[in-house]
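Enquirer: Make a model of the complete structure from these sequences and hints.
As they're listed, the protein sequences go chains C and E. Heads up: the first sequence at position 132 corresponds to 132 in the working numbering, and the numbers run straight through without jumps. Heads up: the second sequence at position 86 corresponds to 86 in the working numbering, and the numbers run straight through without jumps.
Possibly wrong hints are sitting among the right ones.
[As the list claims (entries may be wrong)] Under the rule of at most 25 Å between Cα atoms (straight-line distance), these lysine to any residue pairs were calculated in the SDA-like manner:
#  : chain 1 : residue 1 : chain 2 : residue 2
1  : C       : K110      : E       : E26
2  : E       : K294      : E       : H30
3  : E       : K294      : E       : E26
4  : E       : K241      : E       : K353
5  : C       : K110      : E       : P90
6  : E       : K353      : E       : H123
7  : C       : K110      : E       : I337
8  : E       : K294      : E       : L318
9  : E       : K353      : C       : R52
10 : C       : K110      : E       : D270
11 : C       : K110      : E       : L318
12 : C       : K252      : C       : M322
13 : C       : K23       : E       : A120
14 : C       : K23       : C       : Q3
15 : C       : K23       : C       : M1
16 : E       : K353      : C       : T277
17 : C       : K110      : E       : H30
18 : C       : K110      : E       : Y131
[Claimed, not checked] Quick list of simulated restraints, FRET-style, between CB atoms:
#  : chain 1 : residue 1 : chain 2 : residue 2 : range
19 : C       : S283      : E       : L327      : 53 to 63 Å
20 : E       : V361      : C       : R187      : 37 to 47 Å
21 : E       : L327      : C       : E50       : 36 to 46 Å
22 : E       : E160      : C       : L34       : 29 to 39 Å
23 : C       : E50       : E       : V283      : 14 to 24 Å
24 : E       : E249      : C       : E50       : 20 to 30 Å
25 : C       : S224      : E       : Q129      : 50 to 60 Å
26 : C       : P22       : E       : S306      : 57 to 67 Å
27 : C       : S283      : E       : S336      : 53 to 63 Å
28 : E       : S61       : C       : V37       : 55 to 65 Å
29 : C       : V37       : E       : E160      : 34 to 44 Å
[Unchecked claim] Computed, partial: chain E to chain C, Cβ under 8 Å:
#  : residue
30 : T29
31 : E32
32 : A120
33 : H123
34 : L145
35 : V148
36 : Y150
37 : G153
38 : W183
39 : S186
40 : V326
Read the hints as simulated data drawn from the structure, not as lab findings. Glycine included, every Cβ here is placed at the ideal spot set by N, Cα and C.
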Amino acid sequence: MAQMTMAKALNEGLRRALEDNPKVLLMGEDIGKLGGVFRVTDGLQKDFGEDRIIDSPLAESGIVGTAVGLAIRGYRPVCEIQFDGFVYPAFDQIVSQVAKLHSRSHGVYKMAMVIRIPFGGQIGAIEHHSESPEGYFAHTAGLRVVSPTTPNDAYWMIQQAITHDDPIIFCEPKCRYWEKGEVDLDRPPRGLFDAHVAREGSDVTVVAYGPSVRTAVRAAEAASAEGRSVEVIDARSIAPLDLPPMVASVQKTGRLVVVAEAPANASVASEIVARLTEECFYSLRAPALRVTGYHTPYPPSRVEEEYLPNIDRILDAVDRVMGFES
Amino acid sequence: MALGFELKGESMSEIPLVQLLTPEGERVTHPEYESTLGKDEVFGMHRDMTIIRRLCNEATSLQRQGQLALWAPLQGQEAAQIGAGRALEPMDFTFPSYREHGIAWCRGIPPENWLRLFRAVDHGGWDPQQYRHSVPTIVIGNQALNAVGYAMGVQRDGAEEATMVFFGDGATSEGDVNEAFVWAGSFDAPIVFFVQNNQWAISEPTVRQSKIPLYRRAEGFGFPGIRVDGNDVLAVHEVTKRALAHAREGGGPTLIEAFTYRMGAHTTSDDPTRYRIDAEVEVWKHRDPLERVKAYLVRQHQVPASEFDATIAEADALAAKLRADVLAMDSPDPLSIFEFAYADVHPLIEEGKRDMIELGVGGGAH
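Expert: What follows is the structure, given as structure tokens:
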């Protein structure tokens, strides 16, 4: 066991993946000498060299497009996109090539690559630095999307993602980079695509992922003071969703609230609601609710607290599902 | 006459262009390039070009008869593709767009496999590792970055292999192609960019894509660019061979602009009479890539008519086989769509498969 921040846990996880397999490469803007704008790759270029820790030109499509070629050649590239709002220049390569080449080549090309994206808000940033683009990728067949929420998950999930043969969009909740936690250096807590009960409860199920898990757990703590038992599930895998633990929870509580920073319309949160309504129709005692960002461009961060799902908004949704009379 | 290939203030003759065989089939010298090919090799290339043109015409007929969803003809570009394709070494790796039937021929891919995409029974059609020729890329320019990445892998492996990527004049406006140039220059990637400037990106002339000749773009990215007469198979071959050797030896990237002409439509869905004039097509007919090699072989090497007739007979037989193979090509099992969507087990794939099987669709063997 070791105490470290999520940023450090990712760094250690990357280091271990680089040690384990010489085909693992890191590529991205400012990831070498600088160690990335969040220092996630700090010190790696010094130890693994410029051929493996590649400081790239400032071109996101270039980063992902060349990673595709490296994957074809048998490498396992890990791309860093500097911020969520800068992934869109690479969107074409991700959707048209990364997601489809395994299928188009009948499995000859393994697109064994990881695209790391620091995502979400809560850091008081300027525009384009707080977005939640995971829905675009979750929607795309051929991709998988995951998000760690603790240093332990970060340490293990990045390694599991790198050894996986499908392309993985790895969404890192940047607001939690600096939060410390226990990391078990010997054994992964669970599989890469497994959801996890972050806090047990019996009255309402709250499903969240990424930066919203912490908010959901805090809301559950506040609810407990009011005598309400809220179970929080950290989805961890956004695509595919690990439905069985969510189904078991909703069958137990009969009430569902889904929390995410991305706007609800046509979103991952909506998919979770649709899926669980389908699977738990007769267990649900109230319509499932979503607590998400509003349907606006991400606002100036001075008002992000009002835009994002916060404790009050989650508690309000908990009240509404608890108070629903059928 | 407003010709699509004319650039402001520069006609074709004023722009330096490597040529070893004139449109009339006369061998000319070039200060830097000399053809090393003997009679048999040149005859072989004429055979390749004859076959490719014949197969391409057969594919157009198949599309007209409803047997293909679409076809992208290469007529006019045979010398560019055969000259380049025959310069490759077996271990080199090539990234095509969707019109590189001549390269596919040189890489040994059975012709019916090129048509799988166009019959809409497959998105690929062959094993890209077996033939060292990637699957087609339809999104314009994407493959340029993929190829540079592959070349960076070759570089890291310390292998003496070249990577060559094919795209058209239209693609040179795409961000991905320009980013590929930046990356290749920055990392000295062992790659050859082969742009077939066939003067038209569907209806947009090359002048819409570039204020300067395309080969000169390379200079700004820090590597050599060269324009070659794309209808001269000897010149294309020499220029490509040297650029590939340069890449294999660690010299970095080269941009080759093969100056050629798309004699036919962009695809079978296109109608070029709406945007270009017959007179332009007539000019290029006189620069036909097959005729000049034939004239050269007859004049220089006294190849008798019977040998050309034999090639035509061979091409006809291959076309007949292609037709039979295409007609015998069944639709894929609907269940096969699930097979390679992911490398590893995925719950939505399992769910989709179950759904289809329950509906009684497909062979059920997957």
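Enquirer: Next, verify each hint and record whether it holds.
Expert: Each hint, compared with the structure:
Under the criterion of a C-alpha separation no larger than 25 Å, the hint pairing C/K110 with E/E26 is inconsistent with the structure, at around 49 Å. A C-alpha spacing of about 21 Å is found between E/K294 and E/H30, which places the hinted pair at or below 25 Å, so the restraint holds. Of the pairs offered as hints, the one joining E/K294 and E/E26 holds, with about 11 Å between alpha carbons and a cut-off of 25 Å not exceeded. As the CA atoms of E/K241 and E/K353 are separated by approximately 48 Å, the hinted pair breaks the 25 Å bound.
In summary, the hint linking C/K110 to E/P90 is supported, as the alpha carbons are separated by about 22 Å, within the 25 Å threshold. Between E/K353 and E/H123 the CA atoms are separated by roughly 20 Å; this keeps the pair inside 25 Å, and the hint holds. Restraint check for C/K110 and E/I337: satisfied, since their Cα atoms lie roughly 17 Å apart, inside the 25 Å limit. For the hint linking E/K294 to E/L318, the alpha-carbon distance of about 21 Å falls within 25 Å, and the restraint holds.
Distance check on the hinted pair: E/K353 and C/R52 sit about 40 Å apart at the alpha-carbon level, beyond 25 Å; violated. Proposed proximity of C/K110 and E/D270 is contradicted: the alpha carbons are some 35 Å apart, above 25 Å. Simply put, C/K110 and E/L318 have alpha-carbon atoms about 34 Å apart, too far for the 25 Å limit, and the pair is violated. A hinted pair counts as satisfied when its Cα atoms are at most 25 Å apart, and C/K252 with C/M322 qualifies at roughly 14 Å.
Distance restraint check for C/K23 and E/A120: the Cα-Cα separation of roughly 35 Å exceeds the 25 Å cut-off, and the hinted pair is therefore not satisfied. Restraint check for C/K23 and C/Q3: the C-alpha separation of about 29 Å exceeds 25 Å, so the hint is violated. Among the hinted pairs, C/K23 with C/M1 is inconsistent with the structure: their alpha-carbon atoms are about 28 Å apart, more than 25 Å. With a CA separation close to 22 Å, the supplied pair E/K353 and C/T277 stays within the 25 Å bound.
Proximity of C/K110 to E/H30 is assessed by CA-CA distance (about 45 Å); at most 25 Å being required, the pair is judged violated. Taking the CA atoms of C/K110 and E/Y131, the gap is about 17 Å. The hint holds against a cut of 25 Å. Checking the proposed 53 to 63 Å range against C/S283 and E/L327 shows it holds: the Cβ atoms sit about 55 Å from each other. E/V361 and C/R187 have their C-beta atoms about 43 Å apart, which keeps the hinted 37 to 47 Å range intact.
Against the hinted window of 36 to 46 Å, the Cβ-Cβ separation of E/L327 and C/E50 comes to about 54 Å, which falls outside the hint. E/E160 and C/L34 have their C-beta atoms about 34 Å apart, which keeps the hinted 29 to 39 Å range intact. In this structure the hint that C/E50 and E/V283 lie 14 to 24 Å apart at CB is violated, the actual value being about 51 Å. For the pair E/E249 and C/E50, the supplied restraint of 20 to 30 Å holds, since their beta-carbon distance comes to about 22 Å.
The given range of 50 to 60 Å is respected by C/S224 and E/Q129, whose C-beta atoms sit roughly 57 Å from each other. Take C/P22 and E/S306: their Cβ atoms lie about 58 Å apart, and the range 57 to 67 Å holds. C/S283 and E/S336 have their C-beta atoms about 37 Å apart, which leaves the hinted 53 to 63 Å range violated. Our hint of 55 to 65 Å for E/S61 and C/V37 holds, since their Cβ atoms are close to 58 Å apart.
For the hinted restraint 34 to 44 Å between C/V37 and E/E160, the CB-CB distance of approximately 38 Å keeps it satisfied. At about 38 Å, the closest approach between the beta carbon of E/T29 and any beta carbon in chain C exceeds 8 Å, and the interface hint on this residue is violated. With 8 Å as the threshold, the beta carbon of E/E32 stays out of range of chain C, its nearest partner Cβ sitting at about 31 Å, so the hint is violated. The restraint placing E/A120 at the interface with chain C is violated, with a minimum CB-CB distance near 13 Å, outside the 8 Å limit.
Proximity of E/H123 to chain C holds as hinted, the smallest CB-CB distance being about 4 Å (cut-off 8 Å). For the restraint placing E/L145 at the interface with chain C, the shortest Cβ-Cβ distance is roughly 3 Å, inside the 8 Å limit, so the hint holds. A distance limit of 8 Å between C-beta atoms decides the matter here; for E/V148 the minimum to chain C is near 5 Å, and the interface restraint holds. Interface restraint check for E/Y150: the shortest CB-CB distance to chain C comes to about 4 Å, inside 8 Å, so the restraint holds.
Below 8 Å, beta-carbon pairs count as interface contacts, and E/G153 has one with chain C at about 3 Å; its hint therefore holds. At about 5 Å, the closest approach between the beta carbon of E/W183 and any beta carbon in chain C falls short of 8 Å, and the interface hint on this residue holds. Taken as an interface hint, E/S186 checks out: its beta carbon lies about 6 Å from the nearest beta carbon of chain C, inside 8 Å. A hinted interface residue such as E/V326 counts as satisfied when its beta carbon comes closer than 8 Å to some beta carbon of chain C; here the least separation is about 19 Å, so the hint is violated.
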